[in-house]
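Peer 1: Build the full structure now, drawing on both the sequences and the hints.
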Amino acid sequence: MNKWLMIPVSLLLIEIVGMWLVVPTESAKAKKKMAKVVEKHKSCSACHDDFTNLLSAKHPPVKGNTLRVCMKCHALEGKDMAKPNKFEARLHLAHLKSPVKADCLDCHTWQPGKSFGLAGTTVSYGAPSRQDLILIKEIFASAIQSDNLDARHVSKAFTCAACHGKDMIGESAVENIKCLGCHGPFEELIAKTAPQDFPDRNPHKSHLGEISCTVCHAGHAKSKVYCLECHPKFAIKLPGN
Numbered sequence: 101m102n103k104w105l106m107i108p109v110s111l112l113l114i115e116i117v118g119m120w121l122v123v124p125t126e127s128a129k130a131k132k133k134m135a136k137v138v139e140k141h142k143s144c145s146a147c148h149d150d151f152t153n154l155l156s157a158k159h160p161p162v163k164g165n166t167l168r169v170c171m172k173c174h175a176l177e178g179k180d181m182a183k184p185n186k187f188e189a190r191l192h193l194a195h196l197k198s199p200v201k202a203d204c205l206d207c208h209t210w211q212p213g214k215s216f217g218l219a220g221t222t223v224s225y226g227a228p229s230r231q232d233l234i235l236i237k238e239i240f241a242s243a244i245q246s247d248n249l250d251a252r253h254v255s256k257a258f259t260c261a262a263c264h265g266k267d268m269i270g271e272s273a274v275e276n277i278k279c280l281g282c283h284g285p286f287e288e289l290i291a292k293t294a295p296q297d298f299p300d301r302n303p304h305k306s307h308l309g310e311i312s313c314t315v316c317h318a319g320h321a322k323s324k325v326y327c328l329e330c331h332p333k334f335a336i337k338l339p340g341n
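Taking the working numbering, I'd label the letters of the sequence shown as residues 101 to 341.
For the record, the hints were derived by calculation from the structure and aren't laboratory data. Using N, Cα and C, we set each Cβ at its ideal position, and we do this for glycine too. Any given hint could turn out to be false.
As the list claims (entries may be wrong) - Derived pair list, reagent style DSBU-like, types lysine-lysine, alpha-carbon separation capped at 30 Å:
1) 186 with 333
2) 214 with 237
3) 197 with 172
4) 172 with 278
5) 183 with 322
6) 172 with 237
As the list claims (entries may be wrong) - Across the chosen pairs, the derived CB separations fall in these ranges:
7) 231 with 293: 35 to 41 Å
8) 214 with 186: 27 to 33 Å
9) 174 with 247: 27 to 33 Å
Peer 2: This is the structure we're talking about:
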């Protein structure tokens, strides 16, 4: 059975609630009323009276308790190069870790196949379907507690958008230029990983040419050394393995 079809009852309930919150209305007045309902139920005030105790002493004063206030200064989506985003990383870590274990729809608004954004803002970060949202939830759960590269990146404040772009599902493949933005340039990476005993066994100077980084380095699964599929006796290890 396809694992994405094995949907827990809790997720189904969440989706039903999410669908109720975004049911299309017939008039502009009804749409405004629905928008107010969404903001009321999904603003930070549902859990936080104010932000005073959540911010460091060096943080400028903040008035208000919705994400719109934060978004005046903080941007979430990654663009050209992978860059750390402490705001996004800390926000997800704090809300997804135990004992909070918040759900995506506690802070995000969602119209299946149409939009996915933050409550109180008009920005859309893609258009995930129901299946996509289930996948996103599983990926974030892994990134919080796994031994894979996703968790290692989040701990360094690199979130999904930093490598995948703002549409995490539509742009799921990570290109080499993203990886090399932090771990390159390629020539320096080759020099850094050159084996002392067998210089010709450098995984980053392969006879196959410049292959995709993700052939070896997996974000959401255990990484593997691609060379070992043909050369099982090579002494090559990946960081963290």
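Peer 1: State for each hint whether it applies.
Peer 2: Evaluation of the provided hints:
no. : hint                     : verdict
1   : 186 with 333             : violated (41 Å)
2   : 214 with 237             : holds (18 Å)
3   : 197 with 172             : holds (26 Å)
4   : 172 with 278             : holds (27 Å)
5   : 183 with 322             : holds (23 Å)
6   : 172 with 237             : holds (26 Å)
7   : 231 with 293: 35 to 41 Å : holds (38 Å)
8   : 214 with 186: 27 to 33 Å : holds (30 Å)
9   : 174 with 247: 27 to 33 Å : holds (29 Å)
Violation of the numbered hints given earlier is confined to hint 1; every other hint is satisfied by the structure.
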